[in-house]
Amino acid sequence: MRNLWIFISKYNAFFLFLIFEVSSLIIYVKYNSFQKAAFINSSNEVTGSLYARVNEFYGYLSLKEVNDSLARENTHLRNQLKSSFYVDTLNKHKVTDTVYKQQYEYVAAKVINNSVNRSNNYLTINIGANKGIAKGMGVICDKGIVGKVVYVSAHFAVVQSLLHKDSQFSAMLAKNREIGYITWGDDLDPHKGLLKDVSNNAVPKLGEPVVTSGYSLFPEGIPIGKISSLHTKSGGLLLNMEVTLAVDFSKLEYVNVVDNKFAKEQEGLEAQQKKNE
Amino acid sequence: MSKHILINLLRFIVLVFIQVFLLKNISLYNLSTPYLYILFILLLPFETPNLLLFALAFLMGLTIDSFYDTPGLHAASCVLLAFVRIIFISLTVQKDGFDNEPEPTLNIMGFRWFFTYTITLTLFHHFFLLNIEAFSFSEIQYTLSRFLLSSIFTVFLILISGLLFFRRKERK
Numbered sequence: 007m008r009n010l011w012i013f014i015s016k017y018n019a020f021f022l023f024l025i026f027e028v029s030s031l032i033i034y035v036k037y038n039s040f041q042k043a044a045f046i047n048s049s050n051e052v053t054g055s056l057y058a059r060v061n062e063f064y065g066y067l068s069l070k071e072v073n074d075s076l077a078r079e080n081t082h083l084r085n086q087l088k089s090s091f092y093v094d095t096l097n098k099h100k101v102t103d104t105v106y107k108q109q110y111e112y113v114a115a116k117v118i119n120n121s122v123n124r125s126n127n128y129l130t131i132n133i134g135a136n137k138g139i140a141k142g143m144g145v146i147c148d149k150g151i152v153g154k155v156v157y158v159s160a161h162f163a164v165v166q167s168l169l170h171k172d173s174q175f176s177a178m179l180a181k182n183r184e185i186g187y188i189t190w191g192d193d194l195d196p197h198k199g200l201l202k203d204v205s206n207n208a209v210p211k212l213g214e215p216v217v218t219s220g221y222s223l224f225p226e227g228i229p230i231g232k233i234s235s236l237h238t239k240s241g242g243l244l245l246n247m248e249v250t251l252a253v254d255f256s257k258l259e260y261v262n263v264v265d266n267k268f269a270k271e272q273e274g275l276e277a278q279q280k281k282n283e
Numbered sequence: 027m028s029k030h031i032l033i034n035l036l037r038f039i040v041l042v043f044i045q046v047f048l049l050k051n052i053s054l055y056n057l058s059t060p061y062l063y064i065l066f067i068l069l070l071p072f073e074t075p076n077l078l079l080f081a082l083a084f085l086m087g088l089t090i091d092s093f094y095d096t097p098g099l100h101a102a103s104c105v106l107l108a109f110v111r112i113i114f115i116s117l118t119v120q121k122d123g124f125d126n127e128p129e130p131t132l133n134i135m136g137f138r139w140f141f142t143y144t145i146t147l148t149l150f151h152h153f154f155l156l157n158i159e160a161f162s163f164s165e166i167q168y169t170l171s172r173f174l175l176s177s178i179f180t181v182f183l184i185l186i187s188g189l190l191f192f193r194r195k196e197r198k
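Chains as they are written, first to last, in our numbering: chain A, 7 to 283; chain B, 27 to 198.
One thing to keep in mind: the hints can contain errors.
What the hints assert, rightly or not - Derived SDA-like pairs: lysine to any residue, alpha-carbon spacing no greater than 25 Å straight-line:
id: 1; chain 1: A; residue 1: Lys36; chain 2: B; residue 2: Leu48
id: 2; chain 1: A; residue 1: Lys36; chain 2: B; residue 2: Ser92
id: 3; chain 1: A; residue 1: Lys16; chain 2: B; residue 2: Asn76
id: 4; chain 1: A; residue 1: Lys36; chain 2: B; residue 2: Pro75
id: 5; chain 1: A; residue 1: Lys116; chain 2: A; residue 2: Glu71
id: 6; chain 1: A; residue 1: Lys16; chain 2: B; residue 2: Leu69
id: 7; chain 1: B; residue 1: Lys29; chain 2: B; residue 2: Ile186
id: 8; chain 1: A; residue 1: Lys36; chain 2: B; residue 2: Ile166
id: 9; chain 1: A; residue 1: Lys16; chain 2: B; residue 2: Leu68
id: 10; chain 1: A; residue 1: Lys16; chain 2: B; residue 2: Pro71
id: 11; chain 1: A; residue 1: Lys36; chain 2: B; residue 2: Val119
id: 12; chain 1: A; residue 1: Lys16; chain 2: B; residue 2: Ala81
id: 13; chain 1: A; residue 1: Lys36; chain 2: B; residue 2: Pro128
id: 14; chain 1: A; residue 1: Lys36; chain 2: B; residue 2: Ser164
id: 15; chain 1: B; residue 1: Lys50; chain 2: A; residue 2: Asn38
id: 16; chain 1: A; residue 1: Lys36; chain 2: B; residue 2: Leu117
id: 17; chain 1: A; residue 1: Lys16; chain 2: B; residue 2: Ile112
id: 18; chain 1: A; residue 1: Lys36; chain 2: B; residue 2: Phe72
id: 19; chain 1: B; residue 1: Lys50; chain 2: A; residue 2: Ile33
id: 20; chain 1: A; residue 1: Lys16; chain 2: B; residue 2: Ile115
id: 21; chain 1: B; residue 1: Lys50; chain 2: A; residue 2: Val35
id: 22; chain 1: A; residue 1: Lys16; chain 2: B; residue 2: Phe72
id: 23; chain 1: A; residue 1: Lys16; chain 2: B; residue 2: Val119
id: 24; chain 1: A; residue 1: Lys16; chain 2: B; residue 2: Leu82
id: 25; chain 1: A; residue 1: Lys36; chain 2: B; residue 2: Tyr94
id: 26; chain 1: A; residue 1: Lys267; chain 2: A; residue 2: Tyr187
id: 27; chain 1: A; residue 1: Lys36; chain 2: B; residue 2: Leu85
id: 28; chain 1: A; residue 1: Lys36; chain 2: B; residue 2: Asn157
id: 29; chain 1: A; residue 1: Lys36; chain 2: B; residue 2: Pro71
id: 30; chain 1: A; residue 1: Lys16; chain 2: B; residue 2: Leu117
id: 31; chain 1: A; residue 1: Lys16; chain 2: B; residue 2: Thr74
id: 32; chain 1: A; residue 1: Lys16; chain 2: B; residue 2: Glu129
id: 33; chain 1: A; residue 1: Lys16; chain 2: B; residue 2: Leu77
id: 34; chain 1: A; residue 1: Lys36; chain 2: B; residue 2: Leu69
id: 35; chain 1: A; residue 1: Lys16; chain 2: B; residue 2: Ser92
id: 36; chain 1: A; residue 1: Lys36; chain 2: B; residue 2: Ala160
id: 37; chain 1: B; residue 1: Lys50; chain 2: A; residue 2: Leu31
id: 38; chain 1: A; residue 1: Lys16; chain 2: B; residue 2: Pro128
id: 39; chain 1: A; residue 1: Lys16; chain 2: B; residue 2: Val46
The hints are simulated quantities; they were obtained by calculation from the structure and are not laboratory data. No experiment lies behind these values; they were computed from the predicted model shown.
Bound conformation, chain A alone (with noise of 0.2 Å):
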């Protein structure tokens, strides 16, 4: 302390010149308009083009709104599809005029947990039956299809993902309507499905798409994958062919859950056919 202020006062023009230069600089600046506003202005330079890095980061952050309003926008968008109506002319055929009502609805969901590298992957979504999430949904995103709810809380879902042992949903090939169905691959690849049991008639091309079927959760068309192998091994009768999926799961952030309005009722009936067998 002691030398400090011998070294202040060794120095003390030095200081005091920096006390009163500051102090008339700072009246200068703030009394004298034009040098107030070339002082703002070359201030603006730094501080503008600082702004404009900080609103493109901002940019970002709100992507997260755009994003969600933009998910809002296409499920809304989506449940006016046709493909989310069905025919209902011949029981209403005297006097309705609705021709379509709604069989598959559509709720978007943000993924809020996900993992690809397991051997069973899940995904959680954010939100569960408080939206009308019942087990049992199909999920889609907008690349082609992502899994089924296995477990529903008040505002939370589960989703079994494709790539999953367990997970099988019905598929086709998009030309020739051949079914089969979809499981994840053997080697743990998140980016490889396996389409089983196609029937022997089907001629399936290298890069032909994979869609659903229609006969299980999803809506008819939904994109699957593309057929990226033919040399799998083969069941005689039934052909097994690989699929590149269309879904990167790792990079899953928006998915819809679909809500297929009869599938309780088509589960019942075929409940009971089974039963009576």
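Since the structure of chain A is provided, determine the placement of chain B on it from the hints.
Same frame as chain A, now just chain B:
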């Protein structure tokens, strides 16, 4: 001591008057404007404490500013001038030699020293003053020519006033 205070007070008032009511209106082609008031700071006694020196310079600058409607501009320049003055004097003058006549005037210090002293301090003051007044580099040529011509004018006036006042004192 009280004599010095009185002389400097008188000098302060006279120089402010000259600067504000005479020299303010003189401007050769908008290029050369003398700022004679810095003579007050130049002529303060050697033994002035640094704090007092800075305070007086600041006060002088603010007084001029109040007439020029540029608060802070001349004050900042004068404070810089005071700082340069301290450095210049500490570099060129031995402290011990001034017991009876402790003022850096022309007739005490001699023409050569006083001339260098005036020119150095004036250049510093004017350069800072005019540049900070322009506050931009876009008209640097204009600012520099103003700086040079004003400096010449000011140095000229300071030397004239030195010759005017201090020769006569020497004769006594």
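The hints, checked one at a time:
no., hint, result
1, Lys36(A) / Leu48(B), "violated (28 Å)"
2, Lys36(A) / Ser92(B), "holds (15 Å)"
3, Lys16(A) / Asn76(B), "holds (11 Å)"
4, Lys36(A) / Pro75(B), "violated (29 Å)"
5, Lys116(A) / Glu71(A), "holds (11 Å)"
6, Lys16(A) / Leu69(B), "holds (24 Å)"
7, Lys29(B) / Ile186(B), "holds (24 Å)"
8, Lys36(A) / Ile166(B), "holds (23 Å)"
9, Lys16(A) / Leu68(B), "holds (23 Å)"
10, Lys16(A) / Pro71(B), "holds (20 Å)"
11, Lys36(A) / Val119(B), "violated (38 Å)"
12, Lys16(A) / Ala81(B), "holds (18 Å)"
13, Lys36(A) / Pro128(B), "violated (38 Å)"
14, Lys36(A) / Ser164(B), "holds (22 Å)"
15, Lys50(B) / Asn38(A), "holds (19 Å)"
16, Lys36(A) / Leu117(B), "violated (35 Å)"
17, Lys16(A) / Ile112(B), "holds (13 Å)"
18, Lys36(A) / Phe72(B), "violated (34 Å)"
19, Lys50(B) / Ile33(A), "holds (22 Å)"
20, Lys16(A) / Ile115(B), "holds (16 Å)"
21, Lys50(B) / Val35(A), "holds (22 Å)"
22, Lys16(A) / Phe72(B), "holds (17 Å)"
23, Lys16(A) / Val119(B), "holds (18 Å)"
24, Lys16(A) / Leu82(B), "holds (21 Å)"
25, Lys36(A) / Tyr94(B), "holds (16 Å)"
26, Lys267(A) / Tyr187(A), "holds (22 Å)"
27, Lys36(A) / Leu85(B), "holds (18 Å)"
28, Lys36(A) / Asn157(B), "holds (17 Å)"
29, Lys36(A) / Pro71(B), "violated (33 Å)"
30, Lys16(A) / Leu117(B), "holds (15 Å)"
31, Lys16(A) / Thr74(B), "holds (16 Å)"
32, Lys16(A) / Glu129(B), "holds (23 Å)"
33, Lys16(A) / Leu77(B), "holds (13 Å)"
34, Lys36(A) / Leu69(B), "violated (31 Å)"
35, Lys16(A) / Ser92(B), "violated (34 Å)"
36, Lys36(A) / Ala160(B), "holds (16 Å)"
37, Lys50(B) / Leu31(A), "holds (22 Å)"
38, Lys16(A) / Pro128(B), "holds (22 Å)"
39, Lys16(A) / Val46(B), "violated (37 Å)"
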